[in-house]
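Protein chains in written order, with UniProt numbering: chain A, 1 to 202; chain B, 1 to 202.
In case anyone wonders, no lab produced these hints; they're calculated from the structure. Each hint should be verified, as a subset may be incorrect.
Identical copies look the same in the list; a pair holds intra-copy or inter-copy alike.
Result set (DSS-like, lysine-lysine): computed pairs, CA atoms no more than 30 Å apart in a straight line [to be verified]:
#1 K63 with K39
#2 K53 with K133
#3 K133 with K94
#4 K133 with K63
#5 K53 with K63
Each chain, written out:
There are 2 protein chains.
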Amino acid sequence: MPDKSPANKTPDATRRSERSRRAILDAALELVGEVGFTKLTIEAIAARAGVGKQTIYRWWPSKAAVLFEACVPEGVDPAAIELPDTGDLEADLKTVLRATVDELTSERLEAATRALTAETQNDAELGRALTAKVLEPQLQAYVRRLRAAQRTGQVAADIDLRIALELLVGPLFHRWQTRTLPLTHAYADTVVELTLRGLAPR
Amino acid sequence: MPDKSPANKTPDATRRSERSRRAILDAALELVGEVGFTKLTIEAIAARAGVGKQTIYRWWPSKAAVLFEACVPEGVDPAAIELPDTGDLEADLKTVLRATVDELTSERLEAATRALTAETQNDAELGRALTAKVLEPQLQAYVRRLRAAQRTGQVAADIDLRIALELLVGPLFHRWQTRTLPLTHAYADTVVELTLRGLAPR
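Assemble the whole structure, with the sequences as input and the hints as a guide.
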């Protein structure tokens, strides 16, 4: 990961570094969608990004590490992700799941996300690393938002929140992976509505 | 697919055919778990099964076709699958989802299922074919069981049953794929209980 602090660089060098870094992440996303994870190489990423491969090796230990960083939205620290909390749980979850629908179906990310999903099935170690670094912080943000909803009485106190969040995200990923029916905002909304009925205090 | 009718064969020939067929399906399942879909070859399946590769080409058009048949439980016509209907929806769905947990975590099938899941992400055409031939008939069985439950008043009349079934199966596949937490019968039971609360008439 590049050193973003300008302390020991001129402003121009910092700007060039940031431009190279962005070009490398974009190239990695494009290429993994085109050739899959197995055939992805640091050499090809470097060529597409217009940098030397030593530049990549200096900042990342592996192609997986490059891709992990490329999958996290720019400027976002996965550990600091929070779901919106306007006090209206249903509205907040719809906002989040609609954004997930947009990401899963985005032209820029879909092929890369499918290639990484595939590779996490073939390579359990990579799968566990991706889950720990990219997915788990997001799931923890769901747990915190749902816990707040328990405190305000919108979710029953006895609900296992790890299961509750899977009721929300599981259906979206299932439909996306199996390509059975269109993945839309209306679908995300219905998943939220039906799930919240099940989680409500009785 | 082998001709199982004994009309034009001696009983011994039929028995030998069935033994070869079973050996080929088992070999395909083992090998795809070991080497993945991309590196799986008809030659390797034939060698493992102890048959000539022409035997395989005579019965199946491709390695994908062999695997599809290997993934469907022996003697089961996917189009004829029905979920249990004892009148107790919750008990019936727990039976089905517990069986899904057992399949996803079974030593014999897990590696093959992961390899096929991976390949359906890399190859959209294969994914659509597997969904249509193996998955969709099972999803239709869910729809029929849930429709029966609507008639008996256990599920609200206005529920979209395609979405209802995804609330049941989506969380299981999500947990299995992401390897976040153990996939157990207790987990399947809780998914059924929380989902049915959300589907109940109000």
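- prompt: Which hint numbers doesn't this structure obey?
  reply: Hints that this structure does not satisfy do not exist here, as all of them hold.
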